[in-house]
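J.: Each residue of the sequence shown is one higher than the one before, counting from 1 in UniProt numbering.
These are calculated hints, taken from the structure and not from any lab test. Keep in mind that a hint or two might mislead.
[Stated by the list, open to error] Here are the in silico distance ranges between beta carbons for each label pair: (1) Gln299 to Ser79: 28 to 38 angstroms; (2) Ser103 to Asn554: 38 to 48 angstroms; (3) Glu572 to Ser344: 49 to 59 angstroms; (4) Pro287 to Arg65: 25 to 35 angstroms; (5) His77 to Ala117: 24 to 34 angstroms; (6) Arg569 to Gly66: 22 to 32 angstroms; (7) Arg266 to Ser344: 17 to 27 angstroms; (8) Ser344 to Glu566: 32 to 42 angstroms; (9) Gln364 to Asn321: 15 to 25 angstroms.
Quick caveat, the model's predicted, so the values are computed rather than measured. The beta carbon of each residue, even a glycine, is placed where N, CA and C say it ideally should be.
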Amino acid sequence: MVLQSSQKSRKQSGGVGGDAHGQDFSVNSAGDEAEEYEVLGTTVTGSNHLWVDPSILKLSHRIGRGLFGDVWLATIHSSTKDFDEFHEVIVKMLPDAHEHIHSLLQRFQTTYQRAEAVRGVCWPQGITIKNGRPCIIMKFFEGSLGDKMAHLPSNKLALEDVLRYGQDLLRGISELHSHGVLALNLKPCNFLLDEQDVAVLGEFGIPMLYAGMVAPSERAVLLGSPNYMAPEQWGANVRGPISFESDCWGFACSMIELLTGERPWRNLSSEEIFKAVVDRHEKPSVPTGLPHSLERVLQRCFEYDYRRRPSVQEILQTFINPIEPFKVGDWIFANEKSLGLVKSVLGPDNIKAQFCGNLSELTQFNGASQLDSLSLWKDPFQVGDSVRLKLSVSSPRFGWPGGNATEGTISEIGTDDAVFVITFVGSQQTWRADPLQLERVTGGLVVNDWVRSRKSTESSGPIPSRVGIVHEIDHLGKLKVSFFGRETLWTGEAADFEKVVSLSVGQYVRLKQEVVAPRFKWPLGECGEWDTGRIAHILPNGGLVVDFPGRLFNGKGWWADPEEIEVVRINEIDGLLKKYQHIEKMHWAVRPAVSLIGLLVAVRTGVVVVNLVTRPFWGKKQAATANEGGVKNGELPSDHLSKVRKEGPSSLNTVWLPSQVAAATSTVAGIMFGER
Numbered sequence: 001m002v003l004q005s006s007q008k009s010r011k012q013s014g015g016v017g018g019d020a021h022g023q024d025f026s027v028n029s030a031g032d033e034a035e036e037y038e039v040l041g042t043t044v045t046g047s048n049h050l051w052v053d054p055s056i057l058k059l060s061h062r063i064g065r066g067l068f069g070d071v072w073l074a075t076i077h078s079s080t081k082d083f084d085e086f087h088e089v090i091v092k093m094l095p096d097a098h099e100h101i102h103s104l105l106q107r108f109q110t111t112y113q114r115a116e117a118v119r120g121v122c123w124p125q126g127i128t129i130k131n132g133r134p135c136i137i138m139k140f141f142e143g144s145l146g147d148k149m150a151h152l153p154s155n156k157l158a159l160e161d162v163l164r165y166g167q168d169l170l171r172g173i174s175e176l177h178s179h180g181v182l183a184l185n186l187k188p189c190n191f192l193l194d195e196q197d198v199a200v201l202g203e204f205g206i207p208m209l210y211a212g213m214v215a216p217s218e219r220a221v222l223l224g225s226p227n228y229m230a231p232e233q234w235g236a237n238v239r240g241p242i243s244f245e246s247d248c249w250g251f252a253c254s255m256i257e258l259l260t261g262e263r264p265w266r267n268l269s270s271e272e273i274f275k276a277v278v279d280r281h282e283k284p285s286v287p288t289g290l291p292h293s294l295e296r297v298l299q300r301c302f303e304y305d306y307r308r309r310p311s312v313q314e315i316l317q318t319f320i321n322p323i324e325p326f327k328v329g330d331w332i333f334a335n336e337k338s339l340g341l342v343k344s345v346l347g348p349d350n351i352k353a354q355f356c357g358n359l360s361e362l363t364q365f366n367g368a369s370q371l372d373s374l375s376l377w378k379d380p381f382q383v384g385d386s387v388r389l390k391l392s393v394s395s396p397r398f399g400w401p402g403g404n405a406t407e408g409t410i411s412e413i414g415t416d417d418a419v420f421v422i423t424f425v426g427s428q429q430t431w432r433a434d435p436l437q438l439e440r441v442t443g444g445l446v447v448n449d450w451v452r453s454r455k456s457t458e459s460s461g462p463i464p465s466r467v468g469i470v471h472e473i474d475h476l477g478k479l480k481v482s483f484f485g486r487e488t489l490w491t492g493e494a495a496d497f498e499k500v501v502s503l504s505v506g507q508y509v510r511l512k513q514e515v516v517a518p519r520f521k522w523p524l525g526e527c528g529e530w531d532t533g534r535i536a537h538i539l540p541n542g543g544l545v546v547d548f549p550g551r552l553f554n555g556k557g558w559w560a561d562p563e564e565i566e567v568v569r570i571n572e573i574d575g576l577l578k579k580y581q582h583i584e585k586m587h588w589a590v591r592p593a594v595s596l597i598g599l600l601v602a603v604r605t606g607v608v609v610v611n612l613v614t615r616p617f618w619g620k621k622q623a624a625t626a627n628e629g630g631v632k633n634g635e636l637p638s639d640h641l642s643k644v645r646k647e648g649p650s651s652l653n654t655v656w657l658p659s660q661v662a663a664a665t666s667t668v669a670g671i672m673f674g675e676r
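Start from the sequences, fold in the hints, and give me the full structure.
T.: Take a look at the structure:
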């Protein structure tokens with residue numbers, strides 16, 4: 001056997017994990033004792049909560065195969081003093097991770113202990129190693145939604161069934177999220193059905209067990225199933241972070257498959273899906289004929305920037321009642337420009353809301369088109385939150401003591417007028433405030449601030465950047481920050497970060513001089529220095545996509561780590577020559593245009609010089625060739641010169657050049673200088 005116990009086997013008792021989904025197959029019963037196993041020469045310590053002795057697990061036959069390993073039907077032999085028991089289970093045999101087995105087992109224990117009490121999901125009953133591969137043991141279910149679809153003539157489910165199963169799954173996903181666990185691998189064949197025909201989420205979190213453990217070329221595959229993956233899952237350390245909203249994308253893809261019977265991107269390869277979703281920002285098609293609110297919320301699940309997608313709670317609310325997606329007491333955004341409170345629901349697609357900007361009357365939204373502009377407030381303020389005025393607010397609606405940076409505390413949330421009451425340290429006076437003009441603050445930091453980590457943002461893969469963007473501040477004052485190079489958000493205290501100058505699209509940047517080996521390739525300028533480019537796009541994790549407009553070829557789509565770059569401003573450049581060199585970086589046509597202008601100026605200057613040099617000889621030439629030059633008898637040379645001025649240079653043709661040459665010269669001069 002590949003795996004052998006280094007201690008004598010013990011009698012088994014009870015179940016693994018103590019969950020309500022199946023029997024307990026624990027191998028340890030003596031307190032915190034653990035058994036050590038040798039896996040291909042590596043010693044592994046089994047946890048008394050999750051580890052299952054591989055000797056009691058017998059694989060029967062394989063029933064499935066996927067990107068995350070094979071699925072086996074198996075039995076567990078549990079013996080007592082009086083009788084033996086055999087329990088049928090499902091075993092998920094994961095890809096080989098021999099070099100990272102300790103890390104994988106630790107991640108498994110951490111992840112699934114957090115989700116131990118979650119309902120609506122198939123909680124693992126244990127983990128073991130069989131044939132050198134990690135195996136997750138789960139309860140056996142008779143079928144899945146994918147199986148149910150396959151047995152229907154239309155190969156799709158009715159809308160009412162999709163709504164019912166969707167609610168079951170969303171409640172389980174929401175509970176997972178509340179414990180800080182991502183599902184990620186959402187698809188119909190992973191939506192299991194129990195004895196009461198309730199949908200249960202099968203495997204979850206497996207992609208994150210392998211995060212950073214495989215070669216970069218394999219990352220996209222191991223972070224989800226390609227047909228259901230959000231853009232940030234394709235190389236999450238670069239395009240990330242993966243977030244709870246990543247599950248919204250996969251869930252919406254699954255619902256479309258249940259409704260239509262067709263898998264999203266079904267005719268495309270993984271590489272083609274990547275180009276469609278990531279490069280061209282294409283989205284799966286939402287079927288028509290659905291309730292408008294349901295269609296709208298599914299479409300919003302496919303926003304490229306995960307921060308613009310709806311929350312799981314908003315999707316659940318729509319699935320519960322797609323005709324009336326909002327309820328009394330909901331805080332809603334209208335066109336992201338107003339924030340109000342739903343006061344009454346008058347019927348399908350008909351509500352009234354109170355907005356702080358219109359205290360005299362309620363605002364009515366009637367019809368699907370008007371409700372399209374509304375969305376739930378994802379993370380509403382709570383009493384006790386520290387807030388300040390947004391820097392963009394120049395005239396607060398109800399006034400504000402001191403400047404915008406003055407911090408206050410929410411003491412009351414007005415459920416009648418949608419107005420907040422704010423108190424300030426050292427003052428007995430309270431101030432009213434429009435919630436739309438406020439932002440949560442901790443340690444002087446707010447959402448969308450650029451920060452530098454004072455601590456190491458360690459990850460399992462390459463070292464991440466230390467410069468990131470604040471994505472969220474929770475009610476306890478902790479920050480969630482996205483760093484370029486990390487798959488997920490980093491949580492820390494305000495003291496762990498320092499604010500840095502933010503970057504914006506359109507700024508000109510270059511690598512810092514001290515950077516010798518940048519994270520990504522960066523072109524060199526003519527003098528051997530790092531070239532200057534312009535920020536074309538900023539990813540949610542602070543990653544930069546830089547274009548080089550000064551390059552005619554290969555000037556688009558260069559990547560950069562924000563920690564490695566510096567902003568270049570023309571007013572900070574010394575010397576006219578260097579300023580001009582910077583201007584050349586703004587467009588590849590600058591140098592040719594300047595060269596052409598210089599050439600034209602030189603040509604015209606040369607013509608003027610020639611005229612000045614030859615002018616003293618005009619009189620002599622005209623006197624010598626008076627009759628030939630067309631000066632009539634009795635006509636003064638001055639009269640002839642005035643004639644020349646009137647008739648143009650062509651009147652001097654016979655004086656200076658042969659007629660053919662003079663005509664050609666006149667034509668060229670007219671074209672170049674407009675003298676025609």
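J.: Taking 17 to 27 angstroms as the stated bounds, is the beta-carbon spacing between Arg266 and Ser344 within them?
T.: 44 angstroms, violated
J.: Between Gln299 and Ser79, does the C-beta distance stay in 28 to 38 angstroms?
T.: Violated: the Cβ-Cβ distance is about 55 angstroms, outside 28 to 38 angstroms.
J.: Given a hinted range of 32 to 42 angstroms, is it respected by the beta-carbon distance of Ser344 and Glu566?
T.: Violated - the Cβ-Cβ distance for Ser344 and Glu566, about 55 angstroms, lies outside 32 to 42 angstroms.
J.: Between the beta carbons of Glu572 and Ser344, is the distance compatible with 49 to 59 angstroms?
T.: 57 angstroms, holds
J.: Given a hint of 15 to 25 angstroms, does the C-beta separation of Gln364 and Asn321 actually sit inside it?
T.: 19 angstroms, holds
J.: Looking only at beta-carbon atoms, does the pair Pro287, Arg65 fall within the given range of 25 to 35 angstroms?
T.: 30 angstroms, holds
J.: May I ask you to test the hint 22 to 32 angstroms on the CB atoms belonging to Arg569 and Gly66?
T.: 52 angstroms, violated
J.: Return holds or violated for the Cβ distance of His77 and Ala117 against the range 24 to 34 angstroms.
T.: 28 angstroms, holds
J.: Holds or violated: the 38 to 48 angstroms window for the beta-carbon distance between Ser103 and Asn554?
T.: 39 angstroms, holds
Hint violations for this structure: numbers 1, 6, 7, 8, all remaining hints satisfied.
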